[in-house]
Amino acid sequence: MPGWPVVPNAEFKESDISGREVVSLSTDSFNLTIGGFKAIDYFGDGSFYILDAPGVCPYTVLVLLVRH
Amino acid sequence: MVQHSLGHLNALARTSSNPDTFIFLAADSVHLGGEIRPSELLPLPDEVDEPGIEPRPCPSSQLLQIHPLHSSTKPFLGLDPCFPEQLKEAEHTIELIQNFDADDRVFVIFTHDTSIYNAIEFFPEVANDWKTKAWKKNGFWKFLVNLQQVASGESNS
Numbered sequence: 001m002p003g004w005p006v007v008p009n010a011e012f013k014e015s016d017i018s019g020r021e022v023v024s025l026s027t028d029s030f031n032l033t034i035g036g037f038k039a040i041d042y043f044g045d046g047s048f049y050i051l052d053a054p055g056v057c058p059y060t061v062l063v064l065l066v067r068h
Numbered sequence: 069m070v071q072h073s074l075g076h077l078n079a080l081a082r083t084s085s086n087p088d089t090f091i092f093l094a095a096d097s098v099h100l101g102g103e104i105r106p107s108e109l110l111p112l113p114d115e116v117d118e119p120g121i122e123p124r125p126c127p128s129s130q131l132l133q134i135h136p137l138h139s140s141t142k143p144f145l146g147l148d149p150c151f152p153e154q155l156k157e158a159e160h161t162i163e164l165i166q167n168f169d170a171d172d173r174v175f176v177i178f179t180h181d182t183s184i185y186n187a188i189e190f191f192p193e194v195a196n197d198w199k200t201k202a203w204k205k206n207g208f209w210k211f212l213v214n215l216q217q218v219a220s221g222e223s224n225s
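So the sequences go chain by chain: A and B. 1 is the number of the first residue of the first sequence in my numbering; add one for each residue after it. 69 is the number of the first residue of the second sequence in my numbering; add one for each residue after it.
Mixed in with the good hints there might be a few duds.
Straight-line alpha carbon distances no greater than 30 angstroms define the calculated DSSO-like cross-link-like pairs of lysine-lysine that follow [unchecked claim]:
# : chain 1 : residue 1 : chain 2 : residue 2
1 : B       : K156      : B       : K201
2 : A       : K13       : B       : K199
3 : A       : K13       : B       : K156
Pulled from the structure, derived: some chain B residues nowhere near chain A, Cβ distances all over 12 angstroms [unchecked claim]:
# : residue
4 : T83
5 : L132
6 : S140
7 : W203
The set of hints was computed from the structure by calculation and includes no laboratory data. Glycine included, each C-beta is placed from N, C-alpha and C at the ideal position.
I would like the entire structure built from these sequences, with the hints used as guidance.
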């Protein structure tokens with residue numbers, strides 16, 4: 001944060017998040033356990049859970065959720 | 069950068085209530101079906117009937133010949149230990165995903181899985197009816213077709 005072109009080598013475009021509230025997840029937010037995964041009930045209604053799934057080769061190191 | 073930098077995330081999306089169904093988005097935790105299948109909970113069936121498999125249907129005895137461990141309850145493929153410090157965590161994540169994979173309420177999908185391309189419908193179609201449309205069943209053992217081709221290529225070379 002912020003994105004390109006403000007940060008020349010950013011991996012996302014600033015226009016993707018412009019005008020939106022960006023919520024960063026912390027390990028503290030994962031207050032449920034589902035099938036052994038630490039989880040967040042994202043909408044609070046059981047419709048969508050985000051799971052902490054560690055251990056993966058090079059790809060993702062940081063994930064942000066963007067919402068209106 | 070967030071304060072507690074998280075690693076990799078998966079998601080579990082509800083596709084129906086009463087009965088409950090979900091799609092498990094395994095993202096980069098899995099790349100090929102052979103990394104999670106078969107498992108203790110979902111052993112290799114006695115025969116696999118998929119387009120492209122040889123012979124069709126293919127008896128499990130023949131498929132077990134190309135299994136590195138010749139096991140009907142362990143995945144065909146292990147993880148690439150390119151980041152050894154993460155390997156243990158990655159393997160634990162795989163074990164947890166196997167439990168979801170064995171649950172008939174849950175359809176597990178993951179990145180780069182071309183085996184489901186002909187088994188599912190795409191946006192703007194909706195995915196809520198995946199179970200009645202048998203999307204999970206349709207692509208489930210399809211990775212074996214690719215493995216078979218790779219194995220026969222190796223034996224020819």
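Now for the hints, and whether the structure bears them out:
{"no.": "1", "hint": "K156/B / K201/B", "in the structure": "36 angstroms, violated"}
{"no.": "2", "hint": "K13/A / K199/B", "in the structure": "37 angstroms, violated"}
{"no.": "3", "hint": "K13/A / K156/B", "in the structure": "34 angstroms, violated"}
{"no.": "4", "hint": "T83", "in the structure": "9 angstroms, violated"}
{"no.": "5", "hint": "L132", "in the structure": "28 angstroms, holds"}
{"no.": "6", "hint": "S140", "in the structure": "23 angstroms, holds"}
{"no.": "7", "hint": "W203", "in the structure": "19 angstroms, holds"}
Comparing the model with each numbered hint stated earlier shows that hints 1, 2, 3, 4 do not hold.
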